[in-house]
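Trainee: Letter by letter, the chains look like this.
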Amino acid sequence: SQKIEQNSEALNIQEGKTATLTCNYTNYSPAYLQWYRQDPGRGPVFLLLIRENEKEKRKERLKVTFDTTLKQSLFHITASQPADSATYLCAPASGSSASKIIFGSGTRLSIRP
Amino acid sequence: ETGVTQSPTHLIKTRGQQVTLRCSSQSGHNTVSWYQQALGQGPQFIFQYYREEENGRGNFPPRFSGLQFPNYSSELNVNALELDDSALYLCASTLSQGHYGYTFGSGTRLTVV
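These protein sequence lines are chains Y and R, in that order.
Each residue of the first sequence is one higher than the one before, starting from 1 at the first, in my numbering.
Each residue of the second sequence is one higher than the one before, starting from 1 at the first, in my numbering.
Treat the hints with caution; some may be incorrect.
[What the hints assert, rightly or not] Which residues of chain R face chain Y? A few of them, derived with a C-beta cut under 7 angstroms, are:
(1) P43
(2) F45
(3) G56
(4) N59
(5) P62
(6) P70
(7) F104
(8) S106
[To be verified] Chain R is nowhere near these chain Y residues, computed Cβ spacing over 12 angstroms in every case:
(9) T20
(10) T22
(11) R61
(12) I101
In case anyone wonders, no lab produced these hints; they're calculated from the structure.
Treat the numbers as computed from the prediction; the structure is a model and nothing was measured.
Ideal Cβ positions, reconstructed from N, Cα and C, are used throughout, including at glycine.
Here chain Y stands alone, though its shape is the one from the complex (with noise of 0.2 angstroms):
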């Protein structure tokens, strides 16, 4: 079956430091992959998305990278701040008619000043 693996473990990290945030998968090969911002009690927040045939894609201090033959993506947050402490959702998704975007479980990374 379809499995997302994300960091189970909390990521602390000193603020101004690069956060790197990993999301594997396995068992499909999803057409684009979503990276999602929770925080406690609300919904998730879309931050980006990245497609198969692109390798690289950034946002202000956000990078991601897609690397379909290590089923991969890595989450990069540049000069990390304490107002990006967060749960952040990995979501890769099919390109099919039906798609649906199924979440990891998610790393709460905390940023201490």
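With chain Y's structure known, arrange chain R on it following the hints.
Mentor: Chain R only, in chain Y's frame:
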């Protein structure tokens, strides 16, 4: 644009009862997905509606059903509630089946006692 609105925000039901959760999609979005999120877990896909037709379903029993209306608003119905149905229920809307990211509501917190 107004975003995704869900109602109610909180709900307490008794085991065996039925519940209806409502979602108003973001203006212009024709695709709605529903997710169940248990504490500490990623959102689990229940089903997706595209132009009023169900076009994808996750691993949930038939007592979970839904509707999408001509204005693209949606309902999630759960019959014969079980204690394990206690969770945050999230509605997400998008244009063109998710190729541009999903907009999530803040969710309905359902507690079954």
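Trainee: Against the earlier hints, flag every one the structure doesn't satisfy and list their numbers going up.
Mentor: 4, 5, 6, 12
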